[in-house]
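S.K.: Based on the provided sequences and hints, a complete structural model is requested.
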Amino acid sequence: MKRAAITGVVGIVFGFVIGRIGFGDWAEVHRMHLFADLRMFITFAVGVAGSMAGFFLLIRPKGYKRKVHKGTIPGSLLFGLGWAITGACPAIVLVQLGHGQLAGAVTGAGIVTGVWLQRKVQERFRWDSGTCDT
Amino acid sequence: MSSGYWPWWLGAIGLGGITLAYFRLLGRPFGVTSAWSRVVFAREEIDVAREEARIGDDAKAMEDALLAATLEEFGPAAEEAMRKELASSTAEGTTPRAELAKRPAWTESLVLLGGIFVGGFLAALSSRSFGVRTDLGPEFSRIFGDGFFGVAALFLGGGLVGFGTTMAGGCTSGHGLSGCSRLQPGSLVSTCVFLGAAIGAAFAMEAIAR
Amino acid sequence: MYSEFKLKSVLRFWQELYCNSDFSRCARHELSIQGKPVPINLLPNGKTLAAKGGSR
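Chains as they are written, first to last, in the numbering used here: chain S, 2 to 135; chain A, -9 to 200; chain P, 809 to 864.
In case anyone wonders, no lab produced these hints; they're calculated from the structure.
Think of the CB as a built atom: it goes at the ideal place given N, C-alpha and C, for glycine as much as any other residue.
Treat each hint with caution, since some may be false.
Selected chain P positions facing chain A (Cβ under 10 Å, derived; list incomplete) [to be verified]:
#: 1; residue: Trp822
#: 2; residue: Lys844
#: 3; residue: Pro847
#: 4; residue: Pro852
#: 5; residue: Ala859
M.R.: Printed below as a string of structure tokens:
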């Protein structure tokens, strides 16, 4: 229960931050992809750099190494293509809806379908996606 | 704060802070793709949770069960070897883990997704940019039009996002924020590839729109 | 699963027979390559560890 509460709060803060940065605006995301506006790129890059510093100075996470596996590159290609078209990633689509953009519901339906389809494909073709790495 | 997007440093603090806080508070890296997966396959998650519940929460009972299962599988020949090992290793103090890390409930994933939605809503309110509408702005319409083609593009695009992120095992938050900041090789590759793909596709979209 | 238990000697048996040799027989591996979630108490031989009595 406590975990759910923390998750909810972090989710709300994340959605808020993503929204205020401008990721809920299709045009802003598109501009970022075209290098027409570097603000969001810099925001993201500095955010990662800051987290990196935070992880290595404060937290020092242990755990398995996330390697490149068969699905990494093709999956990322497909995702990038979908991101450019919809302006959305799995989090952004929710922020779009939060802004009242009903079109996000179509994207969301597509995401659910894609998630479901991917499993069917993997069940059929079976490939190592890294969960056996220790 | 009135409408207008955040400057880079404020956004960066927000993104970095959340990535670190999530890991610190919940003990696993931040990522949204897995949340969608767990919700879509909630029924399966419930079944797995039921299976996992059978191991209980008592460390000693878990160890006993594992020992019994090992003997059952490998026969009494293993017993001797194990007894020797156990006798020599008790000196190190091989205390079993207090609790087995079971999968978080799928409902937690639902709460995360709901939270992001609420957060987006609050962002819209605070920047006075909330408005129920069916379009995605003039820029989208310029490239995809206002009609069915745009809707189809969104559905297919969404399909690519859903399929691609689960295939790659992460998205802009999971691979981009969490993975890259921990220098995970899979995440670094994934982030470069999806950024590259998005940039390439965006330029292609512009070229086609002309 | 292996990171959870401290009885390394016990786990070594499973590792030798499954992970390090023919892991295609492993029930955990089978689920994982299908993209399905793997219960933490699923043994490589397909049985599930239950708290009372070894496995079922």
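S.K.: Broken hints, numbered, in rising order?
M.R.: Checked against the structure, no hint fails, so every one of them is satisfied.
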